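With chain A fixed as given, assemble chain B onto it according to the hints.
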Amino acid sequence: MSDIEDRVIAIIAEQAVLEPSDVTLDSTLEELGIDSLGLVESIFAIEEAFDINVPFNANDPTESDFDISNVRSIVAGVRRLVKEQS
Amino acid sequence: MKRVVITGAGTINALGADVPATLEAMREGRCGIGELEFRDVERLSIRIGGQVKGYEPEASFNRQQLSLYDRFTQFTLIAAREAIEQSGLEFSGDLAARAGVVLGNSGGGMTTLDDNYRSVYEDGKNRVHPFVVPKLMNNAAASHVSMEFNLKGPSFTVSTACASSNHAMAQAFQMVHGGMTPVMIAGGSESMLCFGGVKAWEGLRVMSKDACRPFSANRNGMVQGEGAGVFVFEEYEHARARGAEILAEVIGYAMTSDASDIVMPSKQGAARAIAGAMQDARVNPDDVGYINAHGTGTAANDKTESAAVADVFGAHADKLLMSSTKSMHGHLIGGTGAVELLACIMAVRDGIVAPTIGYEEPDPECALDVVPNEAREARVEVALSNAFAFGGLNAVLALRRFA
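Read top to bottom, the protein sequences are chains A and B. The numbers in UniProt numbering rise by one with no breaks, and the one at position 30 of the first sequence is 30. The numbers in UniProt numbering rise by one with no breaks, and the one at position 242 of the second sequence is 242.
Calculated directly from the structure, the hints in this document are not laboratory data. For clarity, every value in this text was computed on a predicted model and none was experimentally measured. The beta-carbon is built from N, C-alpha and C at its ideal position, and this holds for glycine as well. Just so you know, nobody snuck in bad clues.
Ranges between beta-carbon positions, derived for each pair:
#: 1; chain 1: A; residue 1: Ser-69; chain 2: B; residue 2: Glu-58; range: 53 to 59 Å
#: 2; chain 1: B; residue 1: Val-128; chain 2: A; residue 2: Asp-51; range: 28 to 34 Å
#: 3; chain 1: B; residue 1: Met-1; chain 2: A; residue 2: Asn-53; range: 52 to 58 Å
#: 4; chain 1: B; residue 1: Glu-374; chain 2: A; residue 2: Ser-69; range: 35 to 41 Å
#: 5; chain 1: B; residue 1: Lys-125; chain 2: A; residue 2: Thr-24; range: 50 to 56 Å
#: 6; chain 1: B; residue 1: Asn-62; chain 2: A; residue 2: Asn-53; range: 40 to 46 Å
#: 7; chain 1: A; residue 1: Asp-51; chain 2: B; residue 2: Ala-200; range: 16 to 22 Å
#: 8; chain 1: B; residue 1: Asn-62; chain 2: A; residue 2: Asp-51; range: 44 to 50 Å
#: 9; chain 1: B; residue 1: Lys-209; chain 2: A; residue 2: Ser-69; range: 20 to 26 Å
#: 10; chain 1: A; residue 1: Asp-51; chain 2: B; residue 2: His-316; range: 51 to 57 Å
#: 11; chain 1: A; residue 1: Asp-67; chain 2: B; residue 2: Ala-300; range: 16 to 22 Å
#: 12; chain 1: A; residue 1: Val-82; chain 2: B; residue 2: Ala-300; range: 28 to 34 Å
#: 13; chain 1: B; residue 1: Arg-127; chain 2: A; residue 2: Ser-69; range: 49 to 55 Å
#: 14; chain 1: B; residue 1: Gly-203; chain 2: A; residue 2: Thr-24; range: 26 to 32 Å
Bound-form chain A, shown alone:
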């Protein structure tokens, strides 16, 4: 399961132009300097990496059925979607 965590962190780190070691589970995308376009790109990269569909509408990020409040919630969301997939 930590594999998912590492891969999600690697994707987010790449988007933020940071080292994975600089990204913690408590980091928010805002703290990492990821804007709305960066968010949409990160979600695309996550979908491609895990072959999942992330329910996300940029018009209302907070009400989508996918919590993006920090890295931990994103990892949890990806875990759930990967599990539902299998």
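Chain B alone, transformed into the frame defined by chain A:
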């Protein structure tokens, strides 16, 4: 400077196959958005759009024409025929030499591109139809209008995403206004409701899966449309001398660039365009009775646009009416300003303001009178039409009631 009036209007879009049908639908607040119908639609997560249904190309074009006309060109010609027929103009001699056509368009022949990519990439074919390039090029529609009506003056296509038509009409207005030509054909079209066209938009995560609800607190994105709007812009004395019916007067415009972000709108850029159009038209804020909003139904546009209007108009913002007809015909991207100009003409000429349908919950960040759900009667002296494009390129037009 010359006065510029509109002496012809034509359209085809999800609300109707001509201007009377479209205006009737706008008056009734009818929704033209429905289930998309085209190949591979089941592979999309966004499956609604303002698609032109029941359209039979063979009724308007012969076989040879159809092999050369992409859907966006067909829509453009249908709208141009209606507009030019209404104007009563025939182009020959000096008038033909000076009159031209400027049209807005963003995606070009997207269905032609889609069909032929599918053929070479998916079906593995190594041969394509010889007319792929002349069908898909963005200027194809302008060129075919020029050919069909013998327009030999300045003719070209303007591509500024969602503001294309407004930029095109502003350019045509400027040419007539400045005395370069007595007549210009102007407007725009779009047809990207095909698998690749919608799939590309889907990627940006700004599309709604269920409805376009501009300014409503529960709005969740834009919905694409397709079609065309075309107008005859004519120098006033030229129109008067031949006794032409005048639909409205075009009195000014402004264009601005946000110079800030490729997709996020800017309040300052929008406000400068709105204020600039009024300045160019020499009208005061309290002369403006109606604004056809850009009103895409995205979270970002609607609150930014509302704030820009509030800034520019001050206390008068609470008195003017502003609606987004995209709630009915969808967002025609490069053609949208042209179809929306019809709502402005209806407001100043008929005194009927088209509604913003699908409006369910007030949003404190969009606290203007958006004419929710039902058209309204109002005497409108001056109307503005807003267009704020991806890329931060804005164009606003001003129309006045012709009395």
